[in-house]
Amino acid sequence: MISIKNVQASIEDKEILRGIDLEVNTGEVHAIMGPNGSGKSTLASILAGREDYEITSGSVEYFGEDLLKFDPEERAQKGIFLAFQYPVEIPGVSTTNFMKTAINKIRESRGEKALDAVNFLNLMKEKMKLVDIDQSLLSRSLNEGFSGGEKKRNEIFQMAMLEPKLAILDETDSGLDIDALKIVANGVNKLKSKNNATIVVTHYQRLLDYIAPDFVHVLYKGKIVKSGDKNLALELEEKGYDWIKEEVALV
Amino acid sequence: MSIEEQILEEFTSKEYEHGWSVDFEADETPLGINEDIIRFISAKKEEPEWLLRWRLEAFRLWQKMEEPKWANVSYPMIDFQAIKYYSAPKQEKKPNSLDEVDPELLKTFERLGISLQEQKRLTGVAIDAVIDSVSVATTFKDKLSELGIIFCSFSEAVQEHPELVRKYIGSVVPSNDNYYAALNSAVFSDGSFCYIPKGVRCPMELSTYFRINAANTGQFERTLIIADEGSYVSYLEGCTAPMRDENQLHAAVVEIYAAKNAEVKYSTVQNWYPGDKNGKGGIYNFVTKRGICVGDYAKISWTQVETGSAVTWKYPSCILKGDHSVGEFYSVAVTNNHQQADTGTKMLHIGKNTRSRIVSKGISAGKSQNSYRGQVEVMKRAENARNFSQCDSLLMGSLCGAHTFPYIDIKNKTAQVEHEATTSKVGEDQIFYCQQRGIDEENAVALIVNGFAKEVMNKLPMEFAVEAQKLLALTLEGSVG
Ligand SMILES: Nc1ncnc2c1ncn2[C@@H]1O[C@H](COP(=O)(O)OP(=O)(O)O)[C@@H](O)[C@H]1O
Ligand SMILES: [Mg+2]
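Protein chains in written order, with the numbering used here: chain A, 1 to 251; chain B, 1001 to 1481.
Chain B extracted, bound-state conformation:
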């Protein structure tokens, strides 16, 4: 047996750190989905009639749709009638401030490493935290509202700013966009809402933490970010889930709307439970994320560090409609054990002089499969569109796979599209070199992998970058090759 294989054999998967669950009294629907369930959710949230109709319409569309099968992932058929579509931790009444939030919930967040109180005082990061289906607490709301920034849970936005929600919901990701987007539109439970008014630079990072807690529960959150003309916002999203034997479904939708001269940075550190080392359990993460640069010179930048989930199906995309608008996608996707990831982006160039940049770093270890899927489309009208794509894969051991599926579709001759791809292996030589300097194998791998992913990690806001680095190391612990 080669050293590589031996080390792989020794594979001691670090237990998933966030794997515990708390017993709240949950307020929840029975298993399964039908129109009554949707009416229940909508009523629970005291939604206006138009939103209920919107949900029901999405549900009817969904029923006629088929689960997509084109991704390079395989998993058993999902029984959509065996999922709970709504589970809210029970609270006596709506909290007005953090002090009124259920202390058990707050403890949950502290165990997650995000004490809201701490965050509130120290970091200057405004947080909206969503457990299972309900948004629990949003910090810093007052300070933000002075600037006219709205940052709240989706449900709250439906109550307080129905005109904005009605105008923009589904405008970037229509409910018939794809199977999971349709399902989300029908049953979405909560999520975050953000509006940055004209000319305002949001002075702090806005952050959302998602956590699935209850068993058999799907999480279907919806995020809507609207950046009005000349505004700027940097938005962070983090997620975790407890360890469970059965697979759980997460089907979120994120919509970003960027007006003229607006800039939105959206960063994700995804750490859903990936399943155990034999591939049992874990989250199915089927997410639709899309942004539209509606106005000229608008810019949307996606940065993601994907370490969790059993199966990931996710393609944060940009529609570059405004002239001179810019789309970026920076991704690190790590898979280990039996994880499968099919992730990438889609850049749709519609406006003139639009530019897009794609940097994808895939790291595969164990028996995992890691696919990059990217599409660059240049429409007829898009004079001088430019795209640069860089897709690098790093393999650890010989049992994993890395795949690249770049699609390019150009309808304008002036377009300049470049694609570069590399595949490399973490070499024994590199590890020995590190060891010779006193760095043990685990740390050597962490160092090499973080070096490989550096270009993307550098795009993350500071407080996230540190966490992301640790996560990379953690995900790959023991997987040297």
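One chain only, chain A, in its complex shape:
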């Protein structure tokens, strides 16, 4: 589905990603772990098309196309979804209205007709159940005055609504209590299919108790320094990141 080859990126001449290689196929769940500041969010942003970063070398192929040449909205329309680490507030725009605009723009890009009110409402209801989110939250201004947990749950709700092919969850677990964590994980699991894939970016092992990853990668100082299966996550949980740092230092 997506093939990331030797991606290097910098911002204001500061090198952040120093050669990322990653291959994700449909039906897979990948976890990317690593200490703060190692470049996880940067990688997620680059895939979503944020323009602040300069990509100095490498390539990203997505369903056989060069992903990097597309605008952010085109990538979204092609099925890439990013659950933001820090979701943005948009005063006066409800989640409902936001989603209606988003869905219809995406449909338009695919040459489909806009959803009528009834179908849209039914879709909303179905997805609300999935992530156990309240109507009243969806009527409020997007993310304005939301608690940390509400913001994250709202991101997953949006993901459910848009049914992406590749979902990237950037620290969706941080700031969640255990119940909220379960709900979010449950949502992600239910949306999982053999036709889509998920990249879960996380700092802790915790979320991976509920979302079983097929692969775990450790990102450190802008490089994937270790990959493995879910046991790697357990090992990290047990030993922390220091042994990885030492290993890297030795190389």
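Keep in mind that the hints were calculated from the coordinates and are not lab data. A few of these clues could be false.
Derived Cβ-Cβ restraints for the label pairs, each shown as a range [claimed, not checked]:
(1) B:P1203 x A:K129: 41 to 47 angstroms
(2) B:G1148 x A:Q135: 42 to 48 angstroms
(3) B:W1070 x A:E74: 26 to 32 angstroms
(4) B:Q1081 x A:S139: 54 to 60 angstroms
(5) A:E54 x B:Q1081: 57 to 63 angstroms
(6) B:A1421 x A:D134: 28 to 34 angstroms
(7) B:A1421 x A:E108: 35 to 41 angstroms
(8) B:F1080 x A:D13: 57 to 63 angstroms
Below, simulated DSBU-like cross-link-like pairs (lysine-lysine); rule was C-alpha separation at most 35 angstroms, straight line [unchecked claim]:
(9) B:K1069 x A:K165
(10) A:K113 x B:K1454
(11) B:K1069 x A:K78
(12) B:K1367 x A:K100
(13) B:K1425 x A:K100
(14) A:K78 x B:K1380
(15) B:K1470 x B:K1141
(16) A:K78 x B:K1141
(17) B:K1425 x A:K125
(18) A:K230 x A:K78
(19) A:K221 x B:K1425
(20) B:K1470 x A:K129
(21) B:K1277 x B:K1367
(22) B:K1454 x B:K1069
(23) B:K1367 x B:K1413
(24) A:K69 x B:K1069
(25) B:K1425 x A:K69
(26) A:K14 x B:K1425
(27) A:K14 x B:K1367
(28) A:K113 x A:K125
(29) B:K1454 x A:K100
Virtual Cβ for every residue (Gly too), placed ideally from N, Cα, C.
Once you have looked at the hints, place chain B with the ligands on chain A.
Leaving out everything else, chain B with the ligands in the frame of chain A:
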């Protein structure tokens, strides 16, 4: 160059949609103003002697007055002798019904998106349409007159209801009120007149469309709304003008009179031609709008969406004379390119327990300047007066300006006056967030801006709200920052 600046550079101003003009045979005065011109206008309209005298008196006052310079706008001196003060599309005779109206005129309205025929049949909105200086057609008149409601052109009111016109004209905005009001009083050509009798709730929105068509022509319309005791009316006003290189002057006067327990809602969607993206052309919009709550428990509510004009100078105000009377002002003012807007309101609390509420949302883009100017005055006698003001500014890019000038003058200790102001920018983060959900930049901006203005947009009647939303998006097209 930052992304913001780049996007600003790319600025592709959407061409002004209503920018075309039609060649009617016009019946018009030569350029310039003097007493003869005023006599000509008055004679043309077969006005009674008292009205001619009223006009001439206003003209004499105007000649002694000076153009106000305190607003935060700048424009070249206006040559008042280079303006045509009267231009009427020529018609063989006065139309009795829509079917007799010049089909060219009707086509004009259809291109404006308001087919009177359509409006008549479908929407239940009664319309009075004013092109250049003359009121062209008023729909629904019969249905309204059954309720005793008078809704007609100002000229017609002068003929049919001279006693009402004479009693109320200038009673809220006296002709010596300010420079432009005086000029309007001298040369006003037409406009709308509305009277709602005691206890009547007007069952439909009353609507006026103004359009400037002829070149070098000033438009000076006058609107007078009288709401008798316990009555209610919601009134809509929309405007457009063709694209022209030279600036055109629009100096209107609106007077609202609300008796005891009466309520008047006045909504405006102003879309006069703003000039091109280099600041060439556009309408100078110098308007005096004022309402008076004469009786107890009267209420006047102004809602405006200001997207057009090169220069806007406009402060719809309320005089809260009756005890417990209420004044409201909800405004969205958008400026782009080189537009300048200095707009706001004045709430004058005279009666006891009077309340006023001001919500102003200014949106600036391009190199435009957007100023809110508000005055809240509480007089000695106004026990327990209350005011709440909220002024929010939204900036797009770094080349525009937003300014707030709130004046507060309180002469009664029991008054409670609150003022809140915020300034924010449309953030790259917000736009990226929208894009990540599949919404392109233009639509993202429209969404964010409409969200920002929502509190005011919600006050508009439904059929206007949709149009206003589109206008906001259109005005800001390409101006992301
Ligand atoms: N906009 C930016 N400007 C400057 N430095 C940045 C910016 N974004 C990220 N960085 C830097 O890049 C590095 C990686 O950040 P980030 O991708 O957010 O890491 P992570 O998500 O793994 O915690 C950090 O050192 C951070 O300070
Ligand atoms: Mg991060």
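For each hint, the structure was consulted:
no.	hint	verdict
1	B:P1203 x A:K129: 41 to 47 angstroms	43 angstroms, holds
2	B:G1148 x A:Q135: 42 to 48 angstroms	46 angstroms, holds
3	B:W1070 x A:E74: 26 to 32 angstroms	50 angstroms, violated
4	B:Q1081 x A:S139: 54 to 60 angstroms	57 angstroms, holds
5	A:E54 x B:Q1081: 57 to 63 angstroms	60 angstroms, holds
6	B:A1421 x A:D134: 28 to 34 angstroms	33 angstroms, holds
7	B:A1421 x A:E108: 35 to 41 angstroms	38 angstroms, holds
8	B:F1080 x A:D13: 57 to 63 angstroms	59 angstroms, holds
9	B:K1069 x A:K165	60 angstroms, violated
10	A:K113 x B:K1454	27 angstroms, holds
11	B:K1069 x A:K78	55 angstroms, violated
12	B:K1367 x A:K100	33 angstroms, holds
13	B:K1425 x A:K100	24 angstroms, holds
14	A:K78 x B:K1380	66 angstroms, violated
15	B:K1470 x B:K1141	30 angstroms, holds
16	A:K78 x B:K1141	55 angstroms, violated
17	B:K1425 x A:K125	34 angstroms, holds
18	A:K230 x A:K78	29 angstroms, holds
19	A:K221 x B:K1425	34 angstroms, holds
20	B:K1470 x A:K129	34 angstroms, holds
21	B:K1277 x B:K1367	10 angstroms, holds
22	B:K1454 x B:K1069	33 angstroms, holds
23	B:K1367 x B:K1413	42 angstroms, violated
24	A:K69 x B:K1069	52 angstroms, violated
25	B:K1425 x A:K69	28 angstroms, holds
26	A:K14 x B:K1425	27 angstroms, holds
27	A:K14 x B:K1367	34 angstroms, holds
28	A:K113 x A:K125	20 angstroms, holds
29	B:K1454 x A:K100	17 angstroms, holds
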